[in-house]
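Colleague: Here are the chains, one letter per residue:
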Amino acid sequence: MEASKAHPPCFLQVENIFFEYPDSGPTLSDISFNVNKGEFILLAGANGSGKTTLLRLLNGLLMPSAGEIRFLGEPIQKNLVKTRKNIGMVFQDPDTQIVGETVFDDTAFGPENFKLPREEINLTVTSTLESLGLLDLKDRCPSTLSGGEKRRLALAGILVMDPGIILLDEPFSNLDYPGASSLLQLLQSLNRRGITMIAATHDVEKVVSKADRMIIMENGGIAEDAPPEQLVQSLEKYGIREPCSSRFGLGLADWTLGRSLP
Amino acid sequence: MTPFMYLSGNSHFHRLDPRYKLIILALVSISVLKAGYISLCVTSLLLIWGIKKTGINIPNAIKHLKLFFILLLFIFTARAVSDESGTLLFRLFQTEVTTGGLSEGGLTAWRFFTVMIAGMIFSRSTKPSEVKSAARWFLKPVPFVPENRAAVMIGLAIRFLPLILNQAQELSLARKARGGDFRKNPVKRMSELSIGLVKKSFRSADHAALAMESRGFTEDRTDTLFSPSRLDAGYLFSAGLLAVFLILY
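In the order they appear, the protein sequences are chains U and S. For the first sequence, the residue numbers in my numbering are 1 to 262. For the second sequence, the residue numbers in my numbering are 1001 to 1249.
Treat the hints with care, as some may be off.
Claimed, not checked - Non-contacting residues of chain U with respect to chain S, defined by C-beta distances greater than 10 Å in every case (computed):
no., residue
1, Tyr21
2, Asn34
3, Ser65
4, Gly67
5, Asp95
6, Leu116
7, Ser131
8, Glu242
9, Gly249
As the list claims (entries may be wrong) - Between beta-carbon pairs, the in silico distance windows are:
no., chain 1, residue 1, chain 2, residue 2, range
10, U, Phe114, S, Leu1067, 41 to 47 Å
11, U, Leu72, S, Lys1052, 41 to 47 Å
12, U, Pro117, S, Ile1058, 28 to 34 Å
13, S, Ser1008, U, Glu242, 43 to 49 Å
14, S, Leu1067, U, Arg192, 51 to 57 Å
15, U, Gly249, S, Gly1055, 33 to 39 Å
16, S, Thr1218, U, Leu123, 20 to 26 Å
Derived by calculation from the structure, the hints in this document are not laboratory data. Glycine included, every Cβ here is placed at the ideal spot set by N, Cα and C.
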């Protein structure tokens, strides 16, 4: 299933959304952008810029106070079941996202919520775990997994629902080099399969070379929206560290330098 | 890995229908409280067989049961000094220790130990999700009990307990690193730890609720399929016989 990136159809539209938490001032104001199928978007910004809130709005966990988010032309709040199935979200801390008592049970959590037949759940969970290299760990208690394995399990719980978009909140936080490197390769291969990725992070170094587009957030608004090559040198004025390769005049080099770790 | 954690396997214990397993555990646990030395010997032999079949590592289990052994010793001592039947063996600080007391103490401690080992074999060979499904099945006919919600709560409690314990350990270490253990007042020490732990637990619970919602959580979910076999019925029947034997002997 190779995605066509030439003229991808626009399938997520964010139109003039505003949002504020009950006990604080405006958190997001006048956010608009479109997401095309198969894109890899890097949502960058300093802490408190509104990245996580925006991801939660896209997943339908929060509702905008004004404006609209549409998935395939339909407002997402109209059918939250469809939204949650099509737009999966991986949280920053996988420990709070993983609710199953074993790797298999956690992956089956989503399909069970959608009342799929048990045989179908067993098949899809098995194939998802296999594709992420987690099948050998299917009976393991999630709390005994490594950080990288937990992150892959969190992804498995989303992938099993066959989403069109995956939202990732600080996907590389608390991961060591092998864990971050293998997650990066996994995200890239999922994106190649046609899954749209929106990764929110303040540490752009690892993922910037994989992104098609970078949206920079500042104080609850969109400050920039352009290909990473155009924005990378102006990152520091938004409180985001410029990647090393760019600082040394090497452009946007692959973070792993093309090395594949075991 | 504690001996109470599920370990995948293909033993009879692993393959047994979880509902039957729960009934067998309840039968053995209740009837063993009436058991004498002969039936405890027979039950212990069966449990040793269960330990072998479920792959429980005995040195590891002993290591994790250290505190339980202290509790057993306490139970044994309390029972030994409170029962004055039989021949007087010796006096200890005006307390008479008799053969009857020692025998009763040994019996009580052995009964508790048997229940603990039966529970260990059960949890070692049963997935928490199976326990949850079995609990839901048992609660279904009970009026005014939302069985799905109860089952989810059981599952989440099993899932998050190790996390909360880890957090408590981390907070305790963080306190120690700042000299918190030099504080003499145990109430203050406990309150410092518990306030932080409660805060962290609530935050984690909040995130877990959001994560569940983002994965489309609903109470009307796919049920677990139970497929009891003749072997399950055989085990249940044998457990019934064992329960009668335990009560009689």
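Colleague: Hey, does leucine 116 of chain U actually stay past 10 Å from chain S on C-beta?
Modeller: Nearest chain S Cβ is 6 Å from leucine 116 of chain U, so the label is violated.
Colleague: Holds or violated: is the Cβ of asparagine 34 of chain U farther than 10 Å from all Cβ atoms of chain S?
Modeller: 22 Å, holds
Colleague: How does the Cβ-Cβ distance of proline 117 of chain U and isoleucine 1058 of chain S compare with 28 to 34 Å: does it lie in that range?
Modeller: Taking Cβ atoms as reference, proline 117 of chain U and isoleucine 1058 of chain S lie about 42 Å apart, which means the hint is violated.
Colleague: Given the hint of 41 to 47 Å, is the C-beta distance from leucine 72 of chain U to lysine 1052 of chain S inside that range or not?
Modeller: 57 Å, violated
Colleague: Take a quick look at glycine 249 of chain U and tell me if its Cβ sits farther than 10 Å from every Cβ on chain S, holds or violated.
Modeller: With a cut-off of 10 Å, glycine 249 of chain U remains clear of chain S, as the shortest Cβ separation is near 41 Å.
Colleague: Given the range 33 to 39 Å, decide if the beta-carbon distance of glycine 249 of chain U to glycine 1055 of chain S lies inside it.
Modeller: Violated, since glycine 249 of chain U and glycine 1055 of chain S (Cβ atoms, about 58 Å apart) do not stay within the stated range.
Colleague: Within 43 to 49 Å or not, the Cβ separation of serine 1008 of chain S and glutamate 242 of chain U?
Modeller: 48 Å Cβ-Cβ, so the 43 to 49 Å window holds.
Colleague: Beyond 10 Å from chain S, beta-carbon-wise, is glutamate 242 of chain U?
Modeller: Its Cβ never comes within 10 Å of chain S, the nearest being 31 Å, so this holds.
Colleague: If we take the beta carbon of tyrosine 21 of chain U, is the closest beta carbon in chain S still more than 10 Å away?
Modeller: 13 Å, holds
Colleague: State, for the Cβ atoms of leucine 1067 of chain S and arginine 192 of chain U, whether the hinted interval 51 to 57 Å holds or is violated.
Modeller: Holds: the Cβ-Cβ distance is about 52 Å, inside 51 to 57 Å.
Colleague: With d taken as the least Cβ-Cβ distance between serine 131 of chain U and chain S, does d exceed 10 Å?
Modeller: Answer for serine 131 of chain U: holds, closest chain S Cβ roughly 19 Å.
Colleague: Taking the shortest Cβ-to-Cβ distance between glycine 67 of chain U and chain S, state whether it exceeds 10 Å.
Modeller: Label holds. Min Cβ-Cβ 20 Å, cutoff 10 Å.
Consistency note: the structure conflicts with the earlier hints numbered 5, 6, 11, 12, 15.
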